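Residue numbers (my numbering), protein chains in the order written: chain A, 143 to 403; chain B, 58 to 284.
Hints are not guaranteed to be accurate.
[Stated by the list, open to error] When the alpha-carbon atoms are kept at most 27 Å apart in a straight line, the in silico DSSO-like pairs for lysine-lysine are as follows:
1) A:K178 <-> A:K191
2) B:K148 <-> A:K182
3) A:K329 <-> A:K280
4) B:K256 <-> A:K178
5) A:K182 <-> B:K61
6) B:K88 <-> B:K156
7) B:K109 <-> A:K182
8) A:K182 <-> A:K224
9) A:K290 <-> A:K312
10) A:K178 <-> B:K86
11) A:K191 <-> B:K88
12) A:K191 <-> A:K329
13) B:K61 <-> B:K148
14) A:K178 <-> B:K61
15) A:K178 <-> B:K156
[Unchecked claim] Between beta-carbon pairs, the in silico distance windows are:
16) B:I215 <-> A:N212: 34 to 40 Å
17) B:I162 <-> A:L359: 49 to 55 Å
18) A:Q177 <-> B:D62: 55 to 61 Å
19) A:V167 <-> B:P63: 24 to 30 Å
If you're looking for bench data, these hints aren't it; they were derived computationally from the structure. Here the structure is a predicted model, which is why all the values come from computation and not from measurement. Glycine residues also receive a C-beta, built at the ideal position from the N, C-alpha and C atoms.
Letter by letter, the chains look like this.
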Amino acid sequence: MYNSTSQGFLVFIAIAFMLILSMAVFISFIIYRYQKYQNKYYAELNDLKSIHKNEILQTQIEIQEQTFQNISREIHDNIGQKLTLAKLHLNTTNLHETELTRQKLDDAVTLIGEAITDLSDISRSMGSELILSNGLIKALEFETEQLKKSGLYKIELWVTGDCIFLDAQKELIIFRIVQEALTNIIKHANANFISINMHFSETELSMEISDNGTGFLMPEIPLTGNGLNNMRKRALALHGLLQIMSQPGQGTTILLKAPYV
Amino acid sequence: MDFKDPIFIAYFITIFSSFIISILFINIKNKPAYLNYFFIYPSLAFILLLNKTLAHAIKQYSAIMPLDTIQIISNLSFIIHFLLLGTILIKNIELNSSKRLLYNIFIALLLSISLILITKDLKQKNGLAYGITNTFLIAFCLTYYYSLFKTPPNSVLIHNPAFWIINGVFFGMITTIPINFSGDLFFKVGNVENVQLFKKLGSLSYITMHLFFIKGYLCIIRPHKVF
Numbered sequence: 143m144y145n146s147t148s149q150g151f152l153v154f155i156a157i158a159f160m161l162i163l164s165m166a167v168f169i170s171f172i173i174y175r176y177q178k179y180q181n182k183y184y185a186e187l188n189d190l191k192s193i194h195k196n197e198i199l200q201t202q203i204e205i206q207e208q209t210f211q212n213i214s215r216e217i218h219d220n221i222g223q224k225l226t227l228a229k230l231h232l233n234t235t236n237l238h239e240t241e242l243t244r245q246k247l248d249d250a251v252t253l254i255g256e257a258i259t260d261l262s263d264i265s266r267s268m269g270s271e272l273i274l275s276n277g278l279i280k281a282l283e284f285e286t287e288q289l290k291k292s293g294l295y296k297i298e299l300w301v302t303g304d305c306i307f308l309d310a311q312k313e314l315i316i317f318r319i320v321q322e323a324l325t326n327i328i329k330h331a332n333a334n335f336i337s338i339n340m341h342f343s344e345t346e347l348s349m350e351i352s353d354n355g356t357g358f359l360m361p362e363i364p365l366t367g368n369g370l371n372n373m374r375k376r377a378l379a380l381h382g383l384l385q386i387m388s389q390p391g392q393g394t395t396i397l398l399k400a401p402y403v
Numbered sequence: 058m059d060f061k062d063p064i065f066i067a068y069f070i071t072i073f074s075s076f077i078i079s080i081l082f083i084n085i086k087n088k089p090a091y092l093n094y095f096f097i098y099p100s101l102a103f104i105l106l107l108n109k110t111l112a113h114a115i116k117q118y119s120a121i122m123p124l125d126t127i128q129i130i131s132n133l134s135f136i137i138h139f140l141l142l143g144t145i146l147i148k149n150i151e152l153n154s155s156k157r158l159l160y161n162i163f164i165a166l167l168l169s170i171s172l173i174l175i176t177k178d179l180k181q182k183n184g185l186a187y188g189i190t191n192t193f194l195i196a197f198c199l200t201y202y203y204s205l206f207k208t209p210p211n212s213v214l215i216h217n218p219a220f221w222i223i224n225g226v227f228f229g230m231i232t233t234i235p236i237n238f239s240g241d242l243f244f245k246v247g248n249v250e251n252v253q254l255f256k257k258l259g260s261l262s263y264i265t266m267h268l269f270f271i272k273g274y275l276c277i278i279r280p281h282k283v284f
């Protein structure tokens, strides 16, 4: 047994002190580095949240601008034409020619009625009210019905999996992506068949929009093109993925994967 | 064993406190799941210490338990020691990609060490088995420290029971590795003063380790804040 004055006891004290001190330094170092790591991690997380918020905001602004453009085009090309024609009918009315006047008045009434219906359709299609009140699927049903009415397209809308109501903002962005895709098909694809497949899996919504149009060689239309770029940006705002597959003569398929969280 | 030796007294009090606290926390509801069976470790340590102390107190090993039996129990409890500490370590390593691998290594090691201890002489202290166990527990501790910086830092480290328990294991294992690897050899061939010194250092390691365990348990009282 050592007594307190023995050299052995001092050696023990010295070694014990060194060991405990080393451990204390080690633990302090771990805690210090962990706190630094924690601060950095949460700062980065906040930055990411802020960037994402900005992206959403930017996307909303773009959606809004595009909506205004679409409204403007619709009013100019469609409703404007109808109202102009109605005005022309009314201006050229000759009260002495009863039969012709009645015919012109009837035409004017029909044209104004069509213009009112078109205005109502635009309002429903462009506004987010439909999505907010009825959800994405109803909004897509309405959109496809509108296209069917034109008689130019055969459209199929398939929904599989357990439907999940997403955040209204997310649904609106997804809806705008589909609208953009449909606009592209109408403008460029020269297709007569469109298929929209939605699948709700456990973690994400996947959506496939295909047409039987002319298609294109992928490098010819870069993803940085305005419409496609808008779709890609919107998919990114959803933390999702957008893929475009096309071959000349074989139509185009757009694949969107949007995670729920 | 000198009952008036301050190191022995400190050792006894610490192991006893660790045992009492672990028993008191058995029914605490909000403790983490990895602590559900951890009370076995301080309890086993206390039972072994009590047995050894009593045996020395009446100066007749064979009267209570033959020396061979004590060594057999120590060897078997060493398997439990590795099982409990290894489990707590792996459960707290949040590297999902390597968790399965760590579990596989752990199970393989547990079986190998059990096999080494049982097939060799169970009445002898097996330095190799003890040393390997120490080495792998240290490796698991280092993996835990590494995982802290590779996973989202969601906990307040100083309020995390696992952090203190693992610090205790790390300190205990790293300071006893030379003694454990040597088995009984060092105590047989070393000079008396050095042997005494190493025994005291060994006791100090376990005192510190159990103090860390107590600190870990006390963290449960304070709610474990999560960001």
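Cross-check of the supplied hints:
1. A:K178 <-> A:K191: 20 Å, holds
2. B:K148 <-> A:K182: 26 Å, holds
3. A:K329 <-> A:K280: With Cα atoms ~24 Å apart, A:K329 and A:K280 stay inside 27 Å; holds.
4. B:K256 <-> A:K178: Answer violated: B:K256 to A:K178 is near 39 Å, above 27 Å.
5. A:K182 <-> B:K61: 52 Å, violated
6. B:K88 <-> B:K156: Satisfied, since the Cα-Cα distance of roughly 22 Å is no more than 27 Å.
7. B:K109 <-> A:K182: This hinted pair is violated, its Cα atoms lying about 51 Å apart.
8. A:K182 <-> A:K224: Violated. A:K182 to A:K224 sits at ~61 Å, over the 27 Å cutoff.
9. A:K290 <-> A:K312: With Cα atoms ~26 Å apart, A:K290 and A:K312 stay inside 27 Å; holds.
10. A:K178 <-> B:K86: 32 Å, violated
11. A:K191 <-> B:K88: Violated, at about 33 Å.
12. A:K191 <-> A:K329: 36 Å, violated
13. B:K61 <-> B:K148: Status violated; Cα separation ~40 Å.
14. A:K178 <-> B:K61: Distance ~46 Å between A:K178 and B:K61 Cα, so the pair is violated.
15. A:K178 <-> B:K156: 26 Å, holds
16. B:I215 <-> A:N212: 34 to 40 Å: 58 Å, violated
17. B:I162 <-> A:L359: 49 to 55 Å: At roughly 52 Å between Cβ atoms, A:L359 and B:I162 fall inside 49 to 55 Å, so the hint holds.
18. A:Q177 <-> B:D62: 55 to 61 Å: 40 Å, violated
19. A:V167 <-> B:P63: 24 to 30 Å: 25 Å, holds
Taken one by one, the earlier hints fail for this structure at numbers 4, 5, 7, 8, 10, 11, 12, 13, 14, 16, 18, listed in ascending order.
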